[in-house]
Structure formats: structure tokens, C-alpha cells
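S.K.: This is what each chain is made of:
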Amino acid sequence: MIKADDLAIFPVDQWIQDGVRWLALNLRPLFQAIKWPVESLLGFNDWVLHAIPFPAMLLLIGLIAWRSAGVGVAIFSVVSLVVIAMLGVWAEAMTTLSLIATAIVFCAVIGIPIGILCARSDRVWNVVRPILDIMQTTPTFVYLVPVVMLFGVGTVPGEVAVVTAAAPPLIRFTNLGIRMVEHEIVEAGLAFGADRRQLLWEIQLPLAIPTILGGLNQTVLTAMVMSVVVAMIGAEGLGLVVLQGLGRLDVGRAAVGGIAIVLLAMMLDRITQKLAEAKSGQRPSLFQLAMRFLRGGRREEIAALPPGEATRQGA
Amino acid sequence: MSERLRIENLYKVFAKDPGPALQVLRKGGTKDSVFETLGHVVGLDDVSLAVPSGAMYMVMGLSGSGKSTLARCINRLNEPSAGRILLDGQDLVPLDEKALREVRRTRISMVFQHFALLPNKRVIDNVEFGLKLRGVAPAERRRRAEEVLSVVGLGRWGYHLPHELSGGMRQRVGLARALATDADILIMDEAFSALDPLIRTEMQDELLRLQRTLNKTILFITHDFQEALKLGTRIAIMSEGRLVREGTPQSIVLEPGSDYVAAFTREVDRARLFDARSVMKAPAVLWRGSAGIVVGGPEGGFLLDQEEQVVAGLDGAEIARLQETGTLPAEQAAPICVPEATKLIDVARCYRADRSVGVIDEAGRLVGLLGAEQILARIANLPVQEREP
Numbered sequence: 001m002i003k004a005d006d007l008a009i010f011p012v013d014q015w016i017q018d019g020v021r022w023l024a025l026n027l028r029p030l031f032q033a034i035k036w037p038v039e040s041l042l043g044f045n046d047w048v049l050h051a052i053p054f055p056a057m058l059l060l061i062g063l064i065a066w067r068s069a070g071v072g073v074a075i076f077s078v079v080s081l082v083v084i085a086m087l088g089v090w091a092e093a094m095t096t097l098s099l100i101a102t103a104i105v106f107c108a109v110i111g112i113p114i115g116i117l118c119a120r121s122d123r124v125w126n127v128v129r130p131i132l133d134i135m136q137t138t139p140t141f142v143y144l145v146p147v148v149m150l151f152g153v154g155t156v157p158g159e160v161a162v163v164t165a166a167a168p169p170l171i172r173f174t175n176l177g178i179r180m181v182e183h184e185i186v187e188a189g190l191a192f193g194a195d196r197r198q199l200l201w202e203i204q205l206p207l208a209i210p211t212i213l214g215g216l217n218q219t220v221l222t223a224m225v226m227s228v229v230v231a232m233i234g235a236e237g238l239g240l241v242v243l244q245g246l247g248r249l250d251v252g253r254a255a256v257g258g259i260a261i262v263l264l265a266m267m268l269d270r271i272t273q274k275l276a277e278a279k280s281g282q283r284p285s286l287f288q289l290a291m292r293f294l295r296g297g298r299r300e301e302i303a304a305l306p307p308g309e310a311t312r313q314g315a
Numbered sequence: 001m002s003e004r005l006r007i008e009n010l011y012k013v014f015a016k017d018p019g020p021a022l023q024v025l026r027k028g029g030t031k032d033s034v035f036e037t038l039g040h041v042v043g044l045d046d047v048s049l050a051v052p053s054g055a056m057y058m059v060m061g062l063s064g065s066g067k068s069t070l071a072r073c074i075n076r077l078n079e080p081s082a083g084r085i086l087l088d089g090q091d092l093v094p095l096d097e098k099a100l101r102e103v104r105r106t107r108i109s110m111v112f113q114h115f116a117l118l119p120n121k122r123v124i125d126n127v128e129f130g131l132k133l134r135g136v137a138p139a140e141r142r143r144r145a146e147e148v149l150s151v152v153g154l155g156r157w158g159y160h161l162p163h164e165l166s167g168g169m170r171q172r173v174g175l176a177r178a179l180a181t182d183a184d185i186l187i188m189d190e191a192f193s194a195l196d197p198l199i200r201t202e203m204q205d206e207l208l209r210l211q212r213t214l215n216k217t218i219l220f221i222t223h224d225f226q227e228a229l230k231l232g233t234r235i236a237i238m239s240e241g242r243l244v245r246e247g248t249p250q251s252i253v254l255e256p257g258s259d260y261v262a263a264f265t266r267e268v269d270r271a272r273l274f275d276a277r278s279v280m281k282a283p284a285v286l287w288r289g290s291a292g293i294v295v296g297g298p299e300g301g302f303l304l305d306q307e308e309q310v311v312a313g314l315d316g317a318e319i320a321r322l323q324e325t326g327t328l329p330a331e332q333a334a335p336i337c338v339p340e341a342t343k344l345i346d347v348a349r350c351y352r353a354d355r356s357v358g359v360i361d362e363a364g365r366l367v368g369l370l371g372a373e374q375i376l377a378r379i380a381n382l383p384v385q386e387r388e389p
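Residue numbers (the UniProt record's numbering), protein chains in the order written: chain R, 1 to 315; chain H, 1 to 389.
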């Protein structure tokens, strides 16, 4: 009987190692060029967020939350920020926030146009789709190895990893949103003589916005997760607090980081989720659902979830 | 009436290469035989028709008959596989993308079954849509949109969102959007099929009312034969991608020509479809005298003066006495007369036993007579027998 060990072993690890090393050596200027805009924007965002005084920050985020998601979320956001400050990790939280804010900008700039291209051409989508599948099934910390080899260690390479991990949902949802636009409405656009540009700007993008905002919510949450994980390659922020706590077996310190991360994540989720919801009508977020479920008595709304909701978590 | 749209030998096969399927069809193959041998779906199989200017031209057929494919070929939402589509003599099939866009923006507009309004835009913006694509200045297109909205009776609803409107009102918006571009041809694809029956009737009446003033050339796609009869000046019936019958509503009901068409005409309310003119019989002179002329038959007649104007009506007994004695009755009853275009249902309403109904032309001259026999025979779909007076 043949055993698994009897088969010849492909030296895949060696190949990949060699490949990445070759890339790092030969395409160094390219990676430096990629790094530059990330470094600039991240540096700017980081500086701004740390420069804003604490009360002004409370006011600003409270205002954003209120305008986009209502009074409840605004109060929740302000309280969360105060708690984070009282935990003594305000500066770290601002660093994490700047990582996420920067990631949103890059994901939008890269992801939405790619998503549009995918929606307009089946050929492009057939190429992009398996890449997205691989990117989204790969555990997030697996990104760290090639990123370290190509970009080095620190906060900026960490940000590259965050952007790489957070862009796929936005691409996927942009593509989906445009493809889901009712066929008859697209036909109406064509029948009245819209060219491709008019079709995109007058019909497809406006009608895809609720779905794209849903993708943005996913991107923000993925960026949040990734901004913690990249502490392992030396990125600063709340992730570093947890990592330090674990390193020193200081459970209390790790928990402080953990609580701050959860509060920040909930805040960001609620604000961005409400944004998508306000545009599309009925779409409760996962946290809202969980709260409703815990409160009980409103299960019918959970049962009446749109089918897309099930894929939200998976995507 | 001049001809606005002419379709010549139009084929549509849903396949990358329609060549082989076209060969089969041209050799007499059918939609089914093409599907069996080549696996291609045939949308249109050698369709030719002509739409006169100002017509309400109904294309009627069941689902899968190719009626929507035909409509979509005219503005090339579906690309025809072969044939010509002549709009005012210009063939639309070979047009490139740019020229086609121009035709869609200015000469053909469309109303959709499920309205296809932009849900995120206000009613007025939806109506402006075609003009905006064409590049009309904002103030100008707003003015035009408001004008068209009041024509369809939604003048006060311009600044609401479509979801605040009922289905019938939304389709009025769809109609206004199509009218706003002032296109030569309006394609209405099952435009009223998604509406409730009562609203549908209301919209049909509304369309007829609008058409009287607008006098557009309308190509109306429907699966509802009653709707086709009610609205149409001409009807084309399609089946299996082919045109099986074409003509005026009355001629189709009288001579369906095939069992397929006859199945639709069987349930038709003939009393509302046919008018007095279509069944009247010619008046025969019974008596001439100094008082005038008496025309009619045993079931009744009319006394005419020298200008052929109807003076009085005579019943069967009076006619019999006139023929025996040659004297007119001393007291003469008022005549029952209807204009030529009166539907039989309305003729029936003024019919009285033992009297003929007179049919008069615009000048008031008697042009025909109607008895119960003629009315009932047409309603029962029997051949009208000419009986000698």
C-alpha cells in the first residue's frame, strides 16, 4: 500500500521563497513606489488625528455619527470614545483609526474602479473573481509574510497589508451592486439613448450605491481586524497593546486593548452600516441584529432578513 | 395616411452566428425545427409590416410569440439578424452606435411594462431623463417636463419620488418620459399589463384621449386581445415568431383566417366592436308621393323629404297599410336614427320592436337601415343575410 509520505515532495515552499526574494530584489523600485503614497497619506492622517484635541474629536465623531446614523449611534460613539480614553489607550486608538481611515481611501480609490470594470466585462470578472476568492479565504496573517519581504516591517508595510486585505469586499460589492441594477431600468437608459458613460453615472452607479456602501461597511470591518493583526509586523496602534500584553503575559493589558478594539469596531460598524441602510431602506447590521436578538421580542425581523444578509458575513 | 415605419423580412435568431438558422427558416423551417436541429431560439421569422403615421398599431401575441422581440428590434435593444427596419424611409439596421444613439434620443421612445423609473430621482427628473441624455439645457428641459407632466395629469406630482405614486400614476410618469422627447414613434411594451384591471381600463381611456390630441405613431405590444381591439387602429397578431394576421380590428374578428386567431376572437364583445355602418342594409324605395319618399321594409321604414332628410318613422303595420292603400298615416312618429359610427350596443339601446333604426351620415341623409336581425346576426357572428324587401 502506498503511503502519503512515499510521494515525491514538491519543494513549493522553496519556489515561493525564491519567487518572493526575486521580486523583492528586482522590483524594489516598484514596491517603494507603492509605499510612497501610502506612507504620505498615512502620515498625514496620523498627524491630523493626533493633532485634534480630545474634546474636538468627540464633537467631530459625534457629529459624523449623528448626521449619518442618528442620535443613538452618536451617543454610543461619544461614550465609546470616552471609555477608550479612560482605558488610557487614546493615542493608540487614534493610530488605529488613522490606519483604517487611510485604508478606506485606498480601498475606495482602487476597489470601486476595479469593481466597475468587473461589472462591465465578464472577461475581467472571470479573472478577478478567483483572485478575490483566494484573497478572502487566505487567513489574514498569511498576508504578513510577503508584505514583510516586499515592504519591510513597521506601520507603513502594515498599512499595505490592511489595504490588501480590506479591498476585496468593496470590489465584490461594487460589481454586485452594478450587476443587480434592474435590467429593465438599464434597458430604459439604452432606449433613451444613453452612452456607456451616461449609463454608468446616471443609472448604474446611483442605483448601486446602497450595495457599495454595504461593501464599504465590510471593508471597514476587515480593515479594523487587519489593523490589529499587523501589530505582528510592527505596526502601531491598539493591536500592539494586545500583542505587548500577550508577550508579557499581562492579561489585564491585553484585555484593555481588546475592549478598546471592540468599542472602536462597533462604533465604525454602526456608523458605516447606517450609511448603507439609510440609502437602501431596510438593512439591519449584525450588531443591531445581535442586540435585537438579545432584547428578544423582535425575532420576526431577523426571520425577514434579505437573502443578501447571509452572505454579508461570509463576504 | 403616410407610412411612418416599415419592417421588411425581419429575422431575429438568438445565436452568435444566425446564418445556419436563417437558412433553415428561409427554406421553410419553423421556430421548433430550428430549435431541434440547431438549438437556437428564433425570435422573429420573416416579419413584414407597415405602420401608418398616426396609427395606434397593436402587436398582439402570447408569451414567446416574438412580440416583445419585435418591439426591441425596432430601437435595436435586440439586434435584428436579417431584414430592414425603415423609419421614414431610413434603414435603422446598419446604423453605427453613434447614429443609433441619435435615433433613440430623438426619434423613438419607449414605455416599459414595469415602468423602469429611476427610484432615486424625483418624478420630474425621470421625465427629464431623455432630454438630459440628449444634452438639453436644464431650464429648457424642466419647462418641457412640467408641460408633459400636466398633459398626463400629474402636474402636481413632479417633486415626489416614484415610490410615493400608485402603479397607474407611475406608468403615467413612464408615458410622460416617453412623450417628453417628442419622438416620432412611441413603443409601448406591455405598458398596461402590470396594472390592476380597473386602472388598466382607465389608462387605456387616457391613452385614447391623449392620442386624439397628440396623434403620435404608437406601436403597442400586448398579450390582451381585448386591449388590442379597444386601442388599435390596426392589429398584427404574432405566433411562433411569425406574423399570422394583420388588419383592422373589425376585419380580424370577421375573418380570423386561422384557428389560432379565431381562439382570440371567440370571446370578443362584438356589440362594442362593430358599428352601425358595418351591418346596415341599403334602403329600398317602397313608395313615392308628393309628401316624399318612403324607404324601408316589412319591419319598418322612414319617410324622407326631397333632400333625403328623415322626416318620420313608420312601423311595420303602417308600411303594410301604405303598400295596400297608398296612404300615409295621419299621425307620424318621430324617427329613430343613429350616426354611422354608433356601436351596435348603443344601437340596441334605442331599438324598438316593429321599427327599423335608420343610419344617417354626417349630412343627416339616410344611408342604411338596421333591424333586429342585422344587429343580432353580427353579435352572434352569423353571416348577415340580405333579405329582399
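No lab work stands behind these hints: they were computed from the structure. Fair warning: there could be bad hints in the mix.
[As the list claims (entries may be wrong)] Take a look, some chain H residues computed to stay more than 12 Å from chain R by CB distance:
id: 1; residue: R6
id: 2; residue: S109
id: 3; residue: F115
id: 4; residue: L118
id: 5; residue: G364
[As the list claims (entries may be wrong)] A partial selection of chain R residues facing chain H, derived with a Cβ cut-off under 8 Å:
id: 6; residue: L117
id: 7; residue: D122
id: 8; residue: V124
id: 9; residue: L190
id: 10; residue: A194
id: 11; residue: L207
Every residue, glycine too, gets a C-beta built ideally from N, C-alpha and C.
S.K.: A separate judgement is required for each hint: does it hold in the structure or not?
M.R.: Now for the hints, and whether the structure bears them out:
Consistency note on R6 (chain H): stated as away from chain R, and its beta-carbon is indeed over 12 Å from all of that chain's, at 21 Å minimum. Once the 12 Å rule is applied to beta carbons, S109 (chain H) is inconsistent with being away from chain R; the minimum gap is 7 Å. With 12 Å as the threshold on Cβ separation, the claim that F115 (chain H) sits away from chain R is violated: the shortest Cβ distance comes to roughly 8 Å. Distance check on L118 (chain H): its Cβ comes as close as 7 Å (rounded) to a Cβ of chain R, failing to clear the 12 Å threshold; non-interface status is violated.
With a cut of 12 Å on Cβ distances, G364 (chain H) stays outside the contact zone with chain R, its closest approach being about 49 Å. Here the hint on L117 (chain R) is broken, as its CB sits about 20 Å from the closest CB of chain H, past 8 Å. Contact between D122 (chain R) and chain H, as hinted, is not supported at the beta carbon level, the nearest pair being about 14 Å apart and thus beyond 8 Å. Violation of the interface hint for V124 (chain R) is found here, the shortest Cβ-Cβ separation to chain H being roughly 20 Å, above the 8 Å cut-off.
The criterion of a C-beta within 8 Å of any C-beta in chain H is met by L190 (chain R), whose closest approach is roughly 6 Å, and the hint holds. Of the supplied interface hints, the one on A194 (chain R) holds, with its beta-carbon coming within about 5 Å of a beta-carbon of chain H, less than 8 Å. Because the smallest distance between the Cβ of L207 (chain R) and any Cβ of chain H comes to about 7 Å, under 8 Å, the interface hint for this residue holds.
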